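Assembling the complex is the task here: the two chains are given apart, and the hints tell you how they should meet.
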Amino acid sequence: MMDHRAVSDNGLILTTSGVKIDVRLPWYRTLPLSVVEFLGVEIDGKAFDLEKLDFELEGKFMPLTSLRPKTNVWWYVLDSGFIHIDSPDFEKGKSYSVSVTVSFKPPYIQGLNRIIKTTKSLVAH
Amino acid sequence: MTYQPKGLELGTTLYSLTTQFHGREYTFKELVRKVAAEGIGPGLEVVGFQSIKGFPVVSDQFKDEFLQLMDETNLVPSCLGINADIRINPDKPMSENESVEYHIRQLEAAAKLKFPLVRYQYPAGPSVIEKLVPTAERLNVKLGLEIHAPHHTQHPDVMAYREMYDRVNSPMLGFIPDFGSTARTVPPSFFEAQRIQGCPEDLIKLAQDIWHQDGDPYERRNIYIEQARKRGFEDRLIMSLVIIFGLFNRVAPESWAEIMHQVIHIHGKFFDFDDDGNEIAVDYERVLPVFVDGGFNGFMSSEYEGHMWNDADGFDKIKRHHTLARRILTSLKGEGNE
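Going down the list, the protein sequences come from chains Z and C. Residues in the first sequence are numbered consecutively from 25, following this note's numbering. Residues in the second sequence are numbered consecutively from 185, following this note's numbering.
Hints were generated in silico from the structure; no laboratory data involved. Just so it is clear, the structure is predicted and the values come from calculations on it, not from any experiment. The reader is advised that the hints may include incorrect statements.
Unchecked claim - In silico DSS-like pairs for lysine-lysine, Cα to Cα no more than 27 Å straight-line:
hint	chain 1	residue 1	chain 2	residue 2
1	Z	Lys94	C	Lys517
2	C	Lys247	C	Lys237
3	C	Lys190	C	Lys237
4	C	Lys237	Z	Lys129
5	C	Lys237	Z	Lys84
6	C	Lys213	C	Lys414
7	C	Lys276	C	Lys190
8	Z	Lys144	Z	Lys116
9	C	Lys218	C	Lys276
10	Z	Lys94	C	Lys276
11	Z	Lys84	Z	Lys116
12	C	Lys315	C	Lys389
13	C	Lys298	Z	Lys129
14	C	Lys237	Z	Lys141
The following block holds chain C by itself, in its conformation from the complex (with noise of 0.2 Å):
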């Protein structure tokens, strides 16, 4: 029988162990060993092309082993990453029937793996995605459109998605917010890792300055590397920066509320800590609660993705978002006996 999560629930993406993973200093079968000696479950949420070679195609085999890793480590298979490749010939994108088949195929895997669920990525396209719903029914598998930043409720791309599902009306749609879409600062260490790269203090701080401004975020990037250009920096160092306006959005975390009917999984971004445990761009003591009051019942994978500009410990990493959510979680509890 599939796990059914009584409110929010902590996991684990495989995706945070990018380094270690990618380093070959854990196979797969020790990652998510260690995912449960460590405690991090009991979710666990897989990349298909990042974890499973000859992805979409599952082997008997590695289902087999798969079932047994989830029986021997006592995770629940939470989510399964798909991607919405539709330029693997960069010349020429997929048709729509093409992308759709494409989609099937990654479905069909979950399905196998058991996993309840899949993250699905914008680019596939509501038109794709309302042809995909009879197949997510057969093998009862739901859809999860992950909405990371520069997306939020409120983006027309997402609009998009929001109106097909209102039309659809269909359990198998859901959402999947990501905590970077509604973060409150750019993390620490992205700057410090472009200052060893030798970016200096007032261009990070000119970024840092725009990124805090309102407004869309594609046009505050281009105010920032007009203004560095201006101001002289090299193009090189202007550009490193520009990713800020891409991966970390400043909306509000209640805007969340307005799709938590809809929501199915959660993606908890997440980078540094200060020194009470505190995550720093993500303020967890503001969105968790959104999501408690709004009575969701599902997982938050913890998302690390330091990993893009640093080499750091993704299980300590992890561990620590595990500690600070418990504690939120904990006290949001005792706010509700009260």
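Isolated chain Z, as found in the complex (with noise of 0.2 Å):
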């Protein structure tokens, strides 16, 4: 079952803008980032905007909202992707509320759309 997925255990880490969170593809198998979508960033209720954000796959950055022409880069099903947000407002040691939502559409599915939404409880460390 992959709706607990997306997002990590232990995944709220303090970077030295912000934050960033462990988020994970959830599904069986490898997926071209054209294919994936996110749709909702969230914490403690309050949603980000989403084109402010940062996505990193393997040590390289990209804005969140850029992964639809990226038809050669590939999300392997083991690998944590990183959403970054800038904000001063995060504390070590405190509990977050933490939701992602993205959605994907597996290329040799037609027409199917997966969303899945993963909410969680992190503490930022």
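So this is what it looks like as structure tokens:
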């Protein structure tokens, strides 16, 4: 079952400019980023403007909303991606409710658009 | 030399262990070693895009380590699952030539890892698969169309492949029956998962009743949606059950006999067991004799797919499946000796 896997356990990590959320592709196999779209990122009920967030995969950064043209970038099923949020509002050791909604269209199943929302209570570390 | 299965031999697809692999409980090598240690080989099926980073590129290092692992464990590469990813660009499907190239790269990966056959998917189309036959011959890798619900042997999509197979008449072309296509009921664990999500009992009963009726699965799916809406159920709950019309078919297991001469591998789909060790959704007592009587020589991968809706222990499930299959195969041998 993949519903609880889009956000990783212990996946809220402080960075120099804010936090990053450890996210996983909630599907059994690797997919190209061109079929993946993030639909929502919320912390404690506050929805972030996706246009202002970055996605990190294998050390490379890209705007979170720029995945559609990336037909040659593959998200390996065991790798974490990271959603970066620039904000000074997060405190180490404090617990936050983190929600990520991701959709993907498996490229061999016409018409299927899986949408998975995972919400977890995570302590920033 | 390539391993030649005698009769119906057992095996495992690592896809059954998606929960354990995705959850990073086992690495690829650890999974393979545990399959051997638990005695749920000897056939080993792998989905390329699940198990191999960078697939369809397979590095020489991965190849060497994989072949060593096969030697070490005495497992036999049975089938490589490949994908017809024609919509990598969701707005512009691949051209036929692009799809042929995409499939060739995956066939080369199979040959490199010494898989005797690939499981391919129907969206490839008969024309692309026909163009792959010379490559399959060159690499000595057979092409097996997975017949998965809602498809069945007489479905128009499958008939198009059967007609092409008859015309081309190549030993490299075959079929891979998936037993979800000839199920007798929907797995109870699927509905159990929906109950936990708040799905009411009378909606489940409506879906079950319509699933058990005759007719085209997608027409029955539409009837279900219409009736459920009339009765005022929430759309979110209605839609949570529609996948049963695509994932499980109730076509007669005996229908596989029609294509038996072209069956090269089997997906022994399974989900739940009763107290006597029988699979509840798939009637193995009825389906396995069709393959044994039909003279099938090859592997049946135990393919657990309940991981789509729960996190049950895949190893425990596969061991039960092997126990059931062995019991039936042993009894069939006994009958043959009398």
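- Message: lysine 247 of chain C and lysine 237 of chain C were given as a pair; does the straight-line alpha-carbon distance stay at or below 27 Å?
- Response: holds (12 Å)
- Task: Would you mind confirming whether the straight-line C-alpha gap from lysine 315 of chain C to lysine 389 of chain C stays at or under 27 Å?
- Result: Distance of about 46 Å is beyond 27 Å: violated.
- Query: Is the straight-line distance between the alpha-carbon of lysine 94 of chain Z and that of lysine 517 of chain C 27 Å or less?
  - Reply: Measuring from Cα to Cα gives roughly 54 Å; hence the hint is violated.
- Query: Between lysine 84 of chain Z and lysine 116 of chain Z, is the straight-line Cα distance small enough, at 27 Å or below?
  - Reply: holds (25 Å)
- Message: lysine 218 of chain C and lysine 276 of chain C were given as a pair; does the straight-line alpha-carbon distance stay at or below 27 Å?
- Response: violated (42 Å)
- Below or equal to 27 Å on CA atoms is what counts here, so check lysine 190 of chain C against lysine 237 of chain C. violated (33 Å)
- Given hint lysine 190 of chain C paired with lysine 276 of chain C - CA-CA distance at most 27 Å: With Cα atoms ~45 Å apart, lysine 276 of chain C and lysine 190 of chain C exceed 27 Å; violated.
- Message: Hinted pair, alpha-carbon criterion (27 Å max): lysine 144 of chain Z, lysine 116 of chain Z. Please report holds or violated.
- Response: holds (17 Å)
- Message: Between the alpha carbons of lysine 298 of chain C and lysine 129 of chain Z, is the straight-line distance 27 Å or under?
- Response: violated (31 Å)
- Is the hinted pair lysine 237 of chain C and lysine 84 of chain Z satisfied, with a Cα-Cα distance of at most 27 Å? holds (17 Å)
- Could you grab the alpha-carbon distance between lysine 237 of chain C and lysine 141 of chain Z and see if it respects the 27 Å cut-off? holds (25 Å)
- Does the alpha-carbon distance linking lysine 213 of chain C and lysine 414 of chain C stay inside the 27 Å limit? violated (52 Å)
Consistency with the previously given hints fails for numbers 1, 3, 6, 7, 9, 12 and 13, ordered from lowest to highest.
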